[in-house]
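Chains A and B are the protein sequences, given in the same order. Add 160 to the 1-based position in the first sequence for this note's numbering, that's all there is to it. Add 5 to the 1-based position in the second sequence for this note's numbering, that's all there is to it.
Be careful, since some hints might not be right.
[Said to hold, decoys possible] Under 8 Å between C-beta atoms, here's a sample of chain A residues computed to sit facing chain B:
#1 Leu184
#2 Gly215
#3 Met228
#4 Gly230
#5 Thr233
#6 Gly254
Quick caveat, the hints were computed from the structure, so don't treat them as lab data. Only a predicted model underlies this, so the values are computations on that prediction, with no experimental measurement involved. No residue lacks a Cβ here, since even glycine has one placed at the ideal position from N, Cα and C.
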Amino acid sequence: MNDSRPTERLENQLAILLENGTWLACAIIAAGLLLTSMVITQSAVGTALVKAGIGLIILLPMLRVAMMLGLFTKDRNYRYATIAITVLLIMAGGLFIGLRS
Amino acid sequence: MTISALWLFSVALGASALGGVLGMASGIFIVPILTLFGHLDIRAAIGASIVSVIACSCGSAAPFLRGHLTNIKLAIVLEVATTLGALTGVLLAGTVPTNFLFLLFAAVLVVSAIQMLMRRKGPTLATVQPSGGWSDRLELNSSYFDRERQQVTSYSVTRVPMGLGLMYGAGLISALLGIGSGVLKIPAMDTALRLPIKVSSATSNFMIGVTAAASAGAYFMRGEIVPSIAGPIVLGSVVGSIAGARYVIGASSDKLRVLFVIVLLLLAVQMLLSVFGIHLGGRT
């Protein structure tokens, strides 16, 4: 069985991160779209905001894995910390492939 | 061709809300609608859809986590396979012909229709079975509080290597088509790992954000995600998934289920016809 207390703490922290992160990213995208729809403002600023919001959404799962890594390490669960590092490295590999191609 | 942000927002909202009602991810509807009716390039549609998949996963994860339905240890173990699959998909995406993507999408739509018609019952095992091996070493067996039964239900995780194999395939299809890849996740969760259906839904929803981010990161860096398309799609999907989740239907809504099966099959036929350059929607 899972050791319930560290897991429960981790579940709550992950829930807070994902919930708030999604709302923040959506708010940034919405603000960007509003700006691009206004004729008087420069649409480049709006597009940059939308892009930043999309970037934050893509970053959010990576932050989630990083948070899991931190808490597994803190709980001295090195087996799971290694698994989390592996996932983070694979995700970083995706960014690297994107940069190189 | 310029498509208005409002149109994109509405399409994503509708697809996500309707998909949410039946417990399906919206990506499976968004890509065909954008390509067949919005006449968008399939790669631009996939780029927008994959970001919306992440947003919906992250946005809906909190209640499952707080309800202790998500098996986070199992999720991170399976994510090694799904992200590797996604990375393979990213490498293949540049070389795969567009027609193959339409063909693969048509196949995924047909399998999804069959799965919807058959309904998910989940494994009947409610008690802990001797699992051994990977499950014990990785402490994957767990429990959750079943509100309907008002009791704590323990479960064991079985056939982890088979689950990892199927999850690799799910990650690959997710990256290639910009979808949540329930087609392979459902057999992985139900047949291989034999998870209770509530744990399975929560855990696979939790995982798809990381899986999709592995490929979306590459597409974002390549500049293949168009902000003016992805922005409204993401917003519409998140709002739609919240609305859809409020009206999740029971297994009794057979008429709606059959309607969705017909829609999935029609989209499959049109995606298949697109391979041969035939567009029933009047595309020139």
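Hints versus structure:
no., hint, in the structure
1, Leu184, "violated, 11 Å"
2, Gly215, "holds, 7 Å"
3, Met228, "holds, 6 Å"
4, Gly230, "violated, 13 Å"
5, Thr233, "violated, 13 Å"
6, Gly254, "holds, 4 Å"
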